[in-house]
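The lines below spell out each chain.
2 protein chains.
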Amino acid sequence: MRQYPRTLNKLINELGKLPGIGSKTAQRLAFHILSLTDREADELAEAISAAKKSLKYCEVCGNLTDRERCPICEDSARDGSVICVVESPQDVMAMERIREYRGRYHVLHGTISPMDGIGPNDINLVSLVRRLQAEPDVKELILATNPNIEGEATAMYIANLLKDTGIKITRIAHGLPIGGDLEYADEETLLKAIEGRREL
Amino acid sequence: MRQYPRTLNKLINELGKLPGIGSKTAQRLAFHILSLTDREADELAEAISAAKKSLKYCEVCGNLTDRERCPICEDSARDGSVICVVESPQDVMAMERIREYRGRYHVLHGTISPMDGIGPNDINLVSLVRRLQAEPDVKELILATNPNIEGEATAMYIANLLKDTGIKITRIAHGLPIGGDLEYADEETLLKAIEGRREL
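Line by line, the protein sequences are chains A and B. The opening position of the first sequence corresponds to residue 9 in my numbering, with each subsequent residue numbered one higher. The opening position of the second sequence corresponds to residue 9 in my numbering, with each subsequent residue numbered one higher.
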């Protein structure tokens, strides 16, 4: 069987390494890239290199930034007495989209997951402990890891680790999503919704 | 709302321009690219630039190549008396995969589609006519455009255009796909299957 020219095979191969991109999609994307102008293709290539080279993690909270500290840590208007602990920079963005939270963040870059061999020292947790020692103004730590096994276990671990610090440690609420349907809710969610019921 | 760092937004934006990549997928791909090593990200970026820069169309048949002529046109073992006319370089690859066809190709880079304002002069057709004049050995032209309205119309147009050249002009067969199910075949396909029946 004849192959595509070498450079095209290489491009298809590289695109196929991306998550969720199978060989058919990689081919389709590659042919699309060939149909771009030189300038458009270069912009895509440069965006990849530039993003990879310029982005790093905030030295304070671990959020993505192109400077030493992220814009949230640099913003003196943000409330330094509350830190919201999340798993990823994407989660920071999700929190920011609700435009309600005015505190700061700490990004773990993962969760404790013994099954995958990821322990407490493999996530951005030591820096949280150090940060709490360096920032005595912190009054509350909101644990906003994902509501799944690893996220819950990580939240419990952190809560336990910091229980003697005097800092108030809270967990985001679990329950029925807004717009959700009781009939179709899974039992676990419904149980959490009942347990977390509040007086009106 | 706070945005991602500028270079990350730029990457998400560039990835989102690719076909079939929505903003959520673009974000996911962007974060995946950030998780690559510098070397891996550079390889992806370079593959895009290199493919775009090195690839061009074969001066004879219009197939993709990184030289003046594609490997098939350069291969003297291929049968020069048959030319298979296809819509795209991907179709060349599809034909090559069956390992049966030993003739040459001509890639139209599209189909005649008056609805989209694409006429006979907007596809790689003039070069086919010139090629047939320059290659008197061609005995058969297999029209292998896709079995849809534009592909059929383009095949009819070419057949009509070349009907006085003395070259045998054939169309690939339409019918039920192997492994297909009569019960679920659309009427058009079934009609073609009946029309194209052959004596056993």
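No wet-lab data here; the hints were simulated from the structure. Please note that the accuracy of each hint is not assured.
Under the rule of at most 30 angstroms between Cα atoms (straight-line distance), these lysine-lysine pairs were calculated in the DSSO-like manner [stated by the list, open to error]:
(1) Lys-171(B) <-> Lys-200(B)
(2) Lys-64(A) <-> Lys-25(B)
(3) Lys-18(B) <-> Lys-18(A)
(4) Lys-25(A) <-> Lys-64(B)
(5) Lys-147(A) <-> Lys-176(A)
(6) Lys-25(B) <-> Lys-32(A)
(7) Lys-61(B) <-> Lys-25(A)
(8) Lys-61(B) <-> Lys-25(B)
Original post:
Is the straight-line distance between the alpha-carbon of Lys-147(A) and that of Lys-176(A) 30 angstroms or less?
Top reply: holds (6 angstroms)
Original post:
Does Lys-25(A) lie within 30 angstroms of Lys-61(B) when you go C-alpha to C-alpha?
Top reply: Within the cut-off at roughly 21 angstroms; holds.
Original post:
Does Lys-200(B) lie within 30 angstroms of Lys-171(B) when you go C-alpha to C-alpha?
Top reply: holds (23 angstroms)
Original post:
Does the structure keep Lys-25(A) and Lys-64(B) at a Cα separation of 30 angstroms or less?
Top reply: Holds, at about 25 angstroms.
Subject >> Hint consistency between Lys-64(A) and Lys-25(B) [alpha-carbon to alpha-carbon, up to 30 angstroms] >> reply: holds (25 angstroms)
Original post:
Within 30 angstroms, alpha carbon to alpha carbon, are Lys-18(B) and Lys-18(A)?
Top reply: holds (24 angstroms)
Original post:
Hey, Lys-25(B) versus Lys-32(A), does the alpha-carbon distance stay inside 30 angstroms?
Top reply: holds (18 angstroms)
Subject >> Pairwise hint evaluation, Lys-25(B) against Lys-61(B), where the allowed Cα distance is 30 angstroms at most >> reply: holds (20 angstroms)
Hint violations for this structure: none, all hints satisfied.
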